[in-house]
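A.B. asks: Sequence order for the protein chains is A and P. Following this note's numbering, the numbering of the first sequence begins with 1 at its first residue and continues without gaps. Following this note's numbering, the numbering of the second sequence begins with 1 at its first residue and continues without gaps.
Don't take each hint at face value.
[To be verified] Every beta carbon over 10 Å from chain P, so not counted as near; a handful from chain A, in silico: (1) M1; (2) K2; (3) M19; (4) N71; (5) G72; (6) G94; (7) D95; (8) I97; (9) K171; (10) G213; (11) R236; (12) S243.
[Stated by the list, open to error] Pairs of lysine-lysine, DSBU-like flavour, derived with a Cα cap of 30 Å: (13) P:K420 <-> A:K90; (14) A:K47 <-> P:K585; (15) A:K2 <-> P:K357; (16) A:K11 <-> P:K585; (17) P:K412 <-> A:K90; (18) A:K11 <-> P:K523; (19) P:K518 <-> A:K11; (20) A:K16 <-> P:K585; (21) P:K384 <-> A:K148; (22) P:K412 <-> A:K2; (23) P:K651 <-> P:K21; (24) A:K90 <-> P:K312; (25) A:K2 <-> P:K585; (26) P:K534 <-> A:K2; (27) A:K6 <-> P:K585; (28) A:K47 <-> P:K534; (29) A:K171 <-> A:K90; (30) A:K47 <-> P:K537; (31) A:K90 <-> P:K357; (32) A:K90 <-> A:K47; (33) P:K377 <-> A:K148; (34) P:K420 <-> A:K148; (35) P:K412 <-> A:K171; (36) A:K11 <-> P:K185; (37) A:K2 <-> P:K533; (38) P:K534 <-> P:K585.
Don't read these hints as lab results, they were simulated from the structure. Small disclaimer: the values here were computed from a predicted structure and weren't measured. By construction, the Cβ of each residue, glycine as well, lies at the ideal position given by its N, Cα and C atoms.
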Amino acid sequence: MKLTLKIWRQKDAASKGQMVDYPISGIDGDMSFLEMLDVLNEELNNKGEQPVEFDHDCREGICGTCSLQINGEPHGPDRMVTTCQLHMRKFIDGDTIVIEPFRATAFPVIKDLIVDRSSFDRIQQAGGYISVNTSGHTVDANAIPIDKHDADEAMDAATCIGCGACVAACKNASAMLFTSAKVSQFALLPQGRVEAEDRVRNMVRQMDLEGFGNCTNTGACEVECPKGISLDNIARMNREYLSATTKG
Amino acid sequence: MGILDSKVPSGPLAEKWTKHKNEIHLVNPANKRNIDIIVVGTGLAGGSAAATLAELGYNVKTFCYQDSPRRAHSIAAQGGINAAKNYQGDGDSPYRLFYDTIKGGDYRSREANVYRLAEESANIIDQCVAQGVPFAREYGGMLDNRSFGGVLVSRTFYAKGQTGQQLLLGCYAAMNRQINRGKIKSYNRHEMLDLVLVDGKARGIIARDLVTGEIERHSGHAVVLATGGYGNVFFLSTNAMGSNVMAAWRAHRRGAFFANPCFTQIHPTCIPVSGEHQSKLTLMSESLRNDGRIWVPKRLEDAEAIREGKLKPTQLVEEERDYYLERRYPAFGNLVPRDVASRAAKERCDAGFGVNKTGEAVFLDFASAIMRYGREKAMTSGIKEPDEHTVRELGEEVIEEKYGNLFQMYEKIVDTNPYKTPMMIYPAVHYTMGGLWVDYNLQTTIPGCYCAGEANFSDHGANRLGASALMQGLADGYFVLPYTIGDYLSYDIRTGKISTDLPEFEVAEAGVRERLEKLLSGKGEHSVDYYHKKLGKIMWNKCGMARNAGDLQEAIDEIAELRADFWENVRVPGVLDNMNQELEKAGRVADFLELGELFAKDALHRNESCGGHFREEYQTPEGEALRDDMNFKYVAAWEYKGEPKDAVLHKEELKYENIELKTRSYK
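Please work from the sequences and hints to get the whole structure.
C.D. replies: Dropping the structure here:
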């Protein structure tokens, strides 16, 4: 395959960025998108140019490190995959591919295609946990039976990888899907119910402080989420929030 | 005992840990507030240690190269975590878990450490459930279990195929709670580049801020290294791209002995290599061997026809297939330990029975499990006489519920549907049992420098059983280190803050700068990846699944040569004081180029086959591993003396007082 890549280049957070064209050839359908970028970087490196910096780590779709807005879509055209699992067989010879960083006020660009998603960490730090000590002297794991459906639903919410695609997909750059996934996971489990009200208040407050936008229910986040996190979680978080704030 | 004192407490095996906890020193809460601990790495071991130490009252600083602690590679563990809960009532106990782990490790791990691990295992599950980890449950609301290789009980707890993710997010949440309290300060996108010793004790680290490029000094009263394994020395492995040995190797250069570097786990069920540009390999969880049957064609001509695409695997009937694990190991069948399964796959492929284009793949087939589950589901759904189509459909639903995300991952990568046609798999480098030598307290040979999780050598001997890595990481971090490190720190309550202006910090920082500048000033012949791939080829071909003295000696020479070439000719673009991923990689590969040679040296000296270390010269007529307990029943701990070839061997003799040494048999 021969392709034309249009890639966002930006020296550092303080510099202005721009799109740069890179023709590339010899791309095989079995290569992953990031392996295609590896090939580009090897070429740039051989020519004495600066390689394109991009975030990636596990390359098996679970760590949530990789990002990239590919032809306007977070993680590219395929569904239910992260960029590292997107394969070049999804493109055809002669394609032009536009590659940008995730765009959001709360995700400032660090360099080239790398953004700072520490705002996500701070939302979790505000309440994304159950306040139990880690010394291990808790009750037996089977002491509290949990309805399988609740456990499964909690698990579905808990599979969020924190990549930020939901924010990048949203016209308001809202972090509701991300935040609601954690709120839901714990709200569905008896262990998490105890401090559910404080949790939802604190996490939502932090989400707003970070500069994420509001949710207008377009559902773009759910469509682009590589883990299929459901919009139902947002509805659940709204209920939890309403109940927590009206109780005072 | 020599220079290596394992500090294993006296007394009966089952009482050692309790006795030890009762006897070691504690630090009072007020004094803990004046003590700083550095934790490098935030996976299961580092994350759990950081959270617990902070909860106890110490001031903790964590460091990870990723942009968030939640991204550590523990997250990629799929299948599960072992615990001797005996919820299934199938005869499990801490002793049996201990026994299975020692046997699975081919009698090369330390009894007391492994028993403690088995003892703490049940605690981990209680802890994680309390933290909101959504383990799989049965309809009655109780926790579900599955089986893993090398054992005869069901003791593995799981959260779909994402157990590592859920456990890591549990640690991350526990860390977040402490970050919110101000007890942990987390330095993300930071890489440790050196360990700083003051008066022979670990007192800090030199780290680089990977965003600004700034070199920083951080001090503490103790340093915990929980930086994972070094499988990426093979270039292609199931590790994350950033996984590296740097922190452990820097500590090694400062005096921490490196134990059993050649003990590497090659995992049997990974997606085969597809092409030259491949950057990493993807694991398919061992849990798939619960239901998948592994086979190759019986006849060479069928294998050839499949390779050429003239024949489909589904066209071969039962009698034309060789379920070689079931044939060779009837007692354990497809659930033999990983090292055994990997070697058996290699043996079949080497004999010409491989089934993909390159001849390096075997089938993992779910057809019979789909039909079996389908019939069961039809019964419970009240369908009396289901046709084959219905059974298949129902069975596929069950399989999807169990392994859906793994099947989806396979399909995305390989572009074939594993529900309809068997998966193709091949062994790949996955885990390293070797690592920094630690005593019973998880302290390295450097006072104040501790090592936990995959980064240490302690619990898995020469081969790790499935679902035991998560168990070890969390046991070390939640339940072991918080006690043992307190014992050490009890002598430090009057020390006061460690100044980063000490000359030791200055010298270490200057060394780090010099090294980075040297990397940036190479002649620029070849990229870092060029060297990494070359190293990987040497390692895979000569230090891989089967090794021999000739190959290993060649590997030693070739790696030394490659290392010299690297330092002379590597090309690292960019500058020091900005984000520079090529520079990060260069530092890591430079250390792999030293470790790789020590790895080969260790493999060459160990004239026996045990666990994942298979020396072709030492095998039975049936091709099974031939251990030599007379001469090699020890941990090989290497002391740094400059070049890897000059490393000095120290032996920790292993004593088996509770288990009789036997030839491992899974027949």
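A.B. asks: Hint by hint, where does the structure go against what was stated? Just the numbers, ascending.
C.D. replies: none
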